[in-house]
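K.L.:
Those sequence lines, one after another, are chains A and B. At position 42 of the first sequence (counting the first as 1) the number is 42 in my numbering, and the numbers step up by one without a gap. Basically my numbering = 1-based index in the second sequence + 1000.
Just so you know, the hints here were simulated from the structure itself, not pulled from any lab data. Quick reminder that beta carbons are idealized off the backbone N, C-alpha and C, glycines included. Treat each hint with caution, since some may be false.
[Unchecked claim] Here are the in silico distance ranges between beta carbons for each label pair: (1) B/G1074 with A/A117: 23 to 33 Å; (2) B/T1092 with A/A34: 32 to 42 Å; (3) A/I27 with B/K1085: 21 to 31 Å.
Residues per chain are reported as follows:
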Amino acid sequence: MKMKGAKQVHYDSGPNMTPLVDVVMVILIFLMLAGSFAGTTRFLVSKQGIHKQGVGGAHPDPNKPIETPIEIRINRPPTLGGDDNGFVAEGTGIKPTSSPDAIREALRVKREQFNAAGTPTDQLQVVLYPGRHVKYQDLIQIYQAALQANYTKVAFATSH
Amino acid sequence: MKKHSMPEMKEGGVNVTPLIDIVMCLIIFFMLVAKIGVARGVDKDIKLPNALLGKVIKDMGTTLTLNVHHMPSGDPQVTAMVGDKAKEVKITDGTDTPLLRVLKEFKRTHEAKAVVIIRGDQNLDYGQLEMVLMAIATAGITDTAYETKEGTVAPPEAHSAAPVAAAQ
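Looking at chain A on its own, in the form it has when it is part of the complex (with noise of 0.2 Å):
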């Protein structure tokens, strides 16, 4: 016995899609799996090493022309508490802050001294001596205002 729906005409409008979805697919779950979006991370990138203090120290080389330092001492504040941030910062010309805005400003204004005298931004030196319990992240806003006053170079030196 025939079966009259078995007759019924069967068109393709195209080229066969499956196996184009198919690796479209993969390619799109191995993406979705091996990608990282994680926040966008950045370096500051320093070219300058610890200064080692004492015993030990680099020799500077003779080379190369003699930069300035410009000193700022870090302290953590013996108030703050457990991972608690916060630092107090003070060097050559610049007041006793714990403000990385006033950090740059005060560094802004020793680089435009300097400039003015003749002595060129990139044989300015910014050495930061933190003390042993300061933290990173501090450490990281003091770097940053630096590079914010346009200073190129940037170093930590050994603990004090």
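Following the hints, put chain B in place on chain A, whose structure we already have.
P.N.:
Just chain B now, with coordinates in the frame of chain A:
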């Protein structure tokens, strides 16, 4: 004149064209946004410090990433990609200095292009970071990059400067 009528067109299944359009858009989006690169042993448990400035390092091939964890006391815990997998590299282990050894080997293989990326926890004490910086300097590597996360920090409370010296 005999009229030719268009042949009857019947769809054989579901129309997948809109699906492909959307999927292609998603693929292009993921290709542009996703960061698929060389595994560099990043420890995602580390809370990076926030910063607004910073550069993007395009060539990660000449970098060594050191994950520096905050520890309550003593040496920090450092992990890095050694060989093909990330593992802990102690700063000192008895008389041995494994971190210095790894850094010297890295310097030897990459010479002047060697860059060490420091992926430090935002609560890390400088005393602990200093140990890592000293090892980097001792290995003869001068290029260091401090990895940060894009963002701002709430301004710290004002502190009086007077009693600070006694605390250190």
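K.L.:
Looking only at beta-carbon atoms, does the pair A/I27, B/K1085 fall within the given range of 21 to 31 Å?
P.N.:
For A/I27 and B/K1085 the Cβ distance comes to about 27 Å; the hint holds.
K.L.:
32 to 42 Å was suggested as the range; check whether the CB atoms of B/T1092 and A/A34 agree with it.
P.N.:
holds (37 Å)
K.L.:
Look at the Cβ atoms of B/G1074 and A/A117 and judge whether their distance stays inside 23 to 33 Å.
P.N.:
violated (46 Å)
The earlier numbered hint that this structure contradicts is number 1, and it is the only one.
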